[in-house]
Amino acid sequence: KNQVEQSPQSLIILEGKNCTLQCNYTVSPFSNLRWYKQDTGRGPVSLTIMTFSENTKSNGRYTATLDADTKQSSLHITASQLSDSASYICVVREDGNNRLAFGKGNQVVVIP
Amino acid sequence: EAGVAQSPRYKIIEKRQSVAFWCNPISGHATLYWYQQILGQGPKLLIQFQNNGVVDDSQLPKDRFSAERLKGVDSTLKIQPAKLEDSAVYLCASSSWTDLSSYNEQFFGPGTRLTVL
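Note that the protein sequences, when read in sequence, are chains A and L.
Residue numbers 192 to 303, in the working numbering, belong to the letters of the first sequence in order.
Residue numbers 430 to 546, in the working numbering, belong to the letters of the second sequence in order.
The hints are simulated quantities; they were obtained by calculation from the structure and are not laboratory data.
There could be a bad hint or two in this list.
[To be verified] Straight line, CA to CA, 25 Å or less: simulated BS3-like cross-link-like pairs of lysine-lysine:
1. L:K444 x L:K507
2. L:K440 x A:K295
3. L:K440 x A:K262
Could you put the whole structure together from the sequences, leaning on the hints where they help?
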């Protein structure tokens, strides 16, 4: 069964600090990987997408990395802000169909 | 561009009652999805429509859940009768197969939070 595992499940960080979220997956064949940000009470919003040949993708203070060989991805948040408090969900698309595998999310809380 | 609209935003019902959720996808998006997101979990696909046809409903509990997209635009998801374990957020998403540059990104609505007592 294709799975996506995220760690840590939750973390609390001080405003202005950096943090890194991890995503390991077993989806095969691989098509692409997205990181979504889900604010409380809202639907997920795509932050980045990476395909097999891409190693790094940035979106403002968010930088995602992908190692397709080890099937690992990370999302790095730089100089965190209070508005970064959210759940970050790693989503992997299986190649050849429209099926997505969702992680459970990393719950990030940024405190002043 | 307007996003995916869902209503109601919140619903509280007693077990064994019925409930229906409504979704209006982004204009022009042929593909529509319903997801169930239990607290602390990632979304789980319930059903996927391509226009008004069902593409994947393998994880839809068909004994109590039903969904339709009669004219290929709006969609409704119904639960009858509801159980305690149906308490979750129900997310609707849509995507455009014709926009290859977006890698078929799914755009999500705000969700409907269902509480079954």
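Hints, one by one, checked against the model:
1. L:K444 x L:K507: Roughly 14 Å between the alpha carbons, so the hint for L:K444 and L:K507 holds.
2. L:K440 x A:K295: 24 Å, holds
3. L:K440 x A:K262: 39 Å, violated
Going down the numbered hints, you'll see the structure goes against just number 3.
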